[in-house]
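K.L.:
Each protein sequence line maps, in turn, to chains A, B, C, D, E and F.
For the first sequence, the numbering used here begins at 1 and goes up steadily by one.
For the second sequence, the numbering used here begins at 1 and goes up steadily by one.
For the third sequence, the numbering used here begins at 1 and goes up steadily by one.
For the fourth sequence, the numbering used here begins at 1 and goes up steadily by one.
For the fifth sequence, the numbering used here begins at 1 and goes up steadily by one.
For the sixth sequence, the numbering used here begins at 1 and goes up steadily by one.
Think of the hints as simulated: they come from the structure by calculation, not from any bench.
All figures in this text were calculated on a predicted structure; none of them were measured in a lab.
Check before you lean on any hint, since a few could be wrong.
Here are the simulated DSS-like cross-link-like pairs (lysine-lysine), alpha carbons at most 25 Å apart as the crow flies [claimed, not checked]:
| id | chain 1 | residue 1 | chain 2 | residue 2 |
| --- | --- | --- | --- | --- |
| 1 | D | K83 | A | K83 |
| 2 | D | K21 | A | K21 |
| 3 | B | K83 | E | K21 |
| 4 | B | K21 | C | K83 |
Estimated spans, in silico, between C-beta atoms of each pair [what the hints assert, rightly or not]:
| id | chain 1 | residue 1 | chain 2 | residue 2 | range |
| --- | --- | --- | --- | --- | --- |
| 5 | F | Y155 | A | S19 | 14 to 22 Å |
| 6 | F | V23 | E | L37 | 54 to 62 Å |
| 7 | E | E20 | B | D93 | 33 to 41 Å |
| 8 | B | K21 | E | I154 | 31 to 39 Å |
| 9 | C | E156 | A | S19 | 52 to 60 Å |
C-beta: ideal position from N, C-alpha, C; glycine also.
There are 6 protein chains.
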Amino acid sequence: MSKLTHLDATGAANMVDVSEKDVTTRTAIAEGSVVMLPETVALIRQGDAKKGDVLGTARLAGIMASKRTHELIPLCHPLLISKVNVDCVLDDDLPGVRVTAEVKVSSQTGVEMEALTAVSVACLTIYDMVKAADRGMRIENIRLLMKSGGRSGIYEAP
Amino acid sequence: MSKLTHLDATGAANMVDVSEKDVTTRTAIAEGSVVMLPETVALIRQGDAKKGDVLGTARLAGIMASKRTHELIPLCHPLLISKVNVDCVLDDDLPGVRVTAEVKVSSQTGVEMEALTAVSVACLTIYDMVKAADRGMRIENIRLLMKSGGRSGIYEAP
Amino acid sequence: MSKLTHLDATGAANMVDVSEKDVTTRTAIAEGSVVMLPETVALIRQGDAKKGDVLGTARLAGIMASKRTHELIPLCHPLLISKVNVDCVLDDDLPGVRVTAEVKVSSQTGVEMEALTAVSVACLTIYDMVKAADRGMRIENIRLLMKSGGRSGIYEAP
Amino acid sequence: MSKLTHLDATGAANMVDVSEKDVTTRTAIAEGSVVMLPETVALIRQGDAKKGDVLGTARLAGIMASKRTHELIPLCHPLLISKVNVDCVLDDDLPGVRVTAEVKVSSQTGVEMEALTAVSVACLTIYDMVKAADRGMRIENIRLLMKSGGRSGIYEAP
Amino acid sequence: MSKLTHLDATGAANMVDVSEKDVTTRTAIAEGSVVMLPETVALIRQGDAKKGDVLGTARLAGIMASKRTHELIPLCHPLLISKVNVDCVLDDDLPGVRVTAEVKVSSQTGVEMEALTAVSVACLTIYDMVKAADRGMRIENIRLLMKSGGRSGIYEAP
Amino acid sequence: MSKLTHLDATGAANMVDVSEKDVTTRTAIAEGSVVMLPETVALIRQGDAKKGDVLGTARLAGIMASKRTHELIPLCHPLLISKVNVDCVLDDDLPGVRVTAEVKVSSQTGVEMEALTAVSVACLTIYDMVKAADRGMRIENIRLLMKSGGRSGIYEAP
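Using the sequences and the hints, build the whole thing.
P.N.:
What follows is the structure, given as structure tokens:
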């Protein structure tokens, strides 16, 4: 069975040694959603017609958070991210906002945590900006969609 | 209809003026889950029998992140949090880990974002520590359970 | 003659003791400009017609930086800022962008450095976003416009 | 006409993909000034005779800030800066302090924002340390002096 | 016997609830030393004759670190420090540098960790700046000298 | 005599240019101790029997701090650490806790400051978690044990 790579032989948490891994171009895409009332979607869309600030603010918060992943997640390595892209799209069927983040790096370790952190903080920011209007929102289904470039090849979510 | 308090009259994002609000004791409780394979739950439980590091690491990451909420969420106010409590419990029915965070402050503004940020980062940390064993995990159902102490009285999730 | 309050009797830098000062509501307004080619102003205006991202991004960067003033300026005190407002306006006469920041706090010490830091980082962000189009930009005339609430009364720039 | 590289086709802000650019040695030099009363220059010079703390503190604040540029400027990439040099010189003709910063890196992207951030925060620190003596100071003429090592060759300010 | 206040009934680490404690003026003084070769003391003294940079840099690093104590020590509360004073003195008898830090706050919890963090980071900075000249240095005897203002009264080291 | 590499010809502190140094695999091991009452050692051991939180929390705090060394120590370079390992062991002979940290990087500059910072912050965290039980603790003998990979070859403490 797979090992938990962050625990050493005695079970103590440690930061995995990646110094022997190859430097390759690695990409990860993650997604997540904020589920809200249809009225709240309408409210964001209205604002968006003017200045797009809820979704634009969330996009920037996600980008900035992905650069600080190694400060937040105790055993993540610092990385020189070469690209971060965050998209926030209103979806009437949820109803709510769908957030997608793509992160790219040339490194010895992957960027799935950076993509997932970008999605999480973008979702939290959306929540923060509309919480006065809707207390019952939920952040849902944060997951990895795709990962490429590591030793284990390409992963795509089923 | 409720206003989006973070957008001013022209739709531009801003940090709401809270200087006229009362200083009161405010509490918020949030929850969320990491859904995983039953084998992954077993793996964490095994590790836990030795040193509890996956759940213990996630708990600390959540506590530390809640103190940095105002750095991550662009329009959140800095706060002097007086208490943070994060619990991470294995749940075979999910299957996965349930995370709950309680945050307390004496302030002019509430701590729901601090509680939600603690939950989100604890979930991301659990994900990080077991991702080598389970690529299909999802972070689910992050939401506010309770909030008290503000002008709008007590909120409890239905 | 006025003393340099951050230097002690031996000339060593220190963080001034503010514990005996009164807690009052303090406000500061600062401004600054990015001077650029008329074509660059046009370029931002065009983008603005679509999504406003240059000015919106700068506004958020300024707000977020003002919360971290005490991390950047060695002898500034940490503060519980209660409001930050940053405005970025295109000005064909400069030509360029005028940035204004207003910060408010209830504290024993003022927020002029928080307002000036917000302006500076908003200007740097504008520079960053259009530097590919215009290498000769200058950040100009960053200064305090108004300050109120401290022992020394209201200051207004002449 | 030049493109704004930080805006994608729809006008949304994003962090540019630099993964295809060459790793080269890149240098940037920026400058700026704090303009003040002649008496304030004298005051700093006097302190400097003893311990040099105003200018020494500003120099360190500038160096430390340049390492955090990617945290402050939303779309800047994290970089492994290999050298930062900040100089702060009293100038009776301004009258005030002239600040120069030189930053060097081996990277796929340049360091002009790191040099400009070092200058800005050094200027803010000087302002902070003498503001009790002089409320009318202005931070002036922050600009790029030189940039080398990128695809576009050497830039020198006219 | 005294309880470990940071562990709850099940032994899990948590951030202690201080919301019921009184807001009082609290002070803490801590000290520590960097022990080095006599030649290294001479080297710093020589530099000091010119610009005092080793000790001045250490003093600033200590002040800045004390403001970030709650980011470094997982269960420390964020605080609005009202004063930090760090002194670094050459001592030929050690031989080395003696570092003392005094921190003051008006708060529900004390500042001994802030004073100890200031001392630790000042010592590390001294070490960093002279390590090329002396590999065998040791940081010694970091401890609390005095603490006042809490429920337990004044503590003075024996 | 050895030069203080962080001071330039005029004695001003600066961040050393490492761009001409070779990229090699560099390792550093540092150690330090928290000396306490025998009863305090027993108290931690008891807690450890349940959940190991004092030592586990210190280990994580040390790992996380080592990633932020360049933010704390003014003239340290940012680095892409590839491994951090922190061990905290109870020692009845001290009596107290012995902390060891090993850091690895592939870089143009070494990681002794990262290892020493990990040890210092782990010691401070232990202090914080048991200070309610023992006011007289001391942090002792923080030093470099081993360093390899740089131009100067392998260093081992005598």
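K.L.:
Verify the proposed pairing of K83 (chain B) with K21 (chain E), using a straight-line Cα cut of 25 Å.
P.N.:
holds, 12 Å
K.L.:
For Y155 (chain F) and S19 (chain A), compare the CB-CB distance with the range 14 to 22 Å and indicate the outcome.
P.N.:
Distance hint for Y155 (chain F), S19 (chain A) holds at roughly 20 Å.
K.L.:
Using the beta carbons of E156 (chain C) and S19 (chain A), state whether their distance is inside 52 to 60 Å or not.
P.N.:
Holds, at about 59 Å.
K.L.:
Do the alpha carbons of K83 (chain D) and K83 (chain A) lie within 25 Å of each other, as the hint requires?
P.N.:
holds, 24 Å
K.L.:
Could you see if the CB distance from V23 (chain F) to L37 (chain E) stays within 54 to 62 Å?
P.N.:
Violated, at about 31 Å.
K.L.:
K21 (chain B) and K83 (chain C) were given as a pair; does the straight-line alpha-carbon distance stay at or below 25 Å?
P.N.:
holds, 12 Å
K.L.:
Between the alpha carbons of K21 (chain D) and K21 (chain A), is the straight-line distance 25 Å or under?
P.N.:
OK: K21 (chain D) and K21 (chain A) at ~23 Å, within 25 Å.
K.L.:
Within 31 to 39 Å or not, the Cβ separation of K21 (chain B) and I154 (chain E)?
P.N.:
At 37 Å between Cβs, range holds.
K.L.:
Range hint 33 to 41 Å: satisfied by the CB atoms of E20 (chain E) and D93 (chain B)?
P.N.:
holds, 37 Å
In this structure, only the earlier hint numbered 6 is contradicted, and the remaining ones agree with it.
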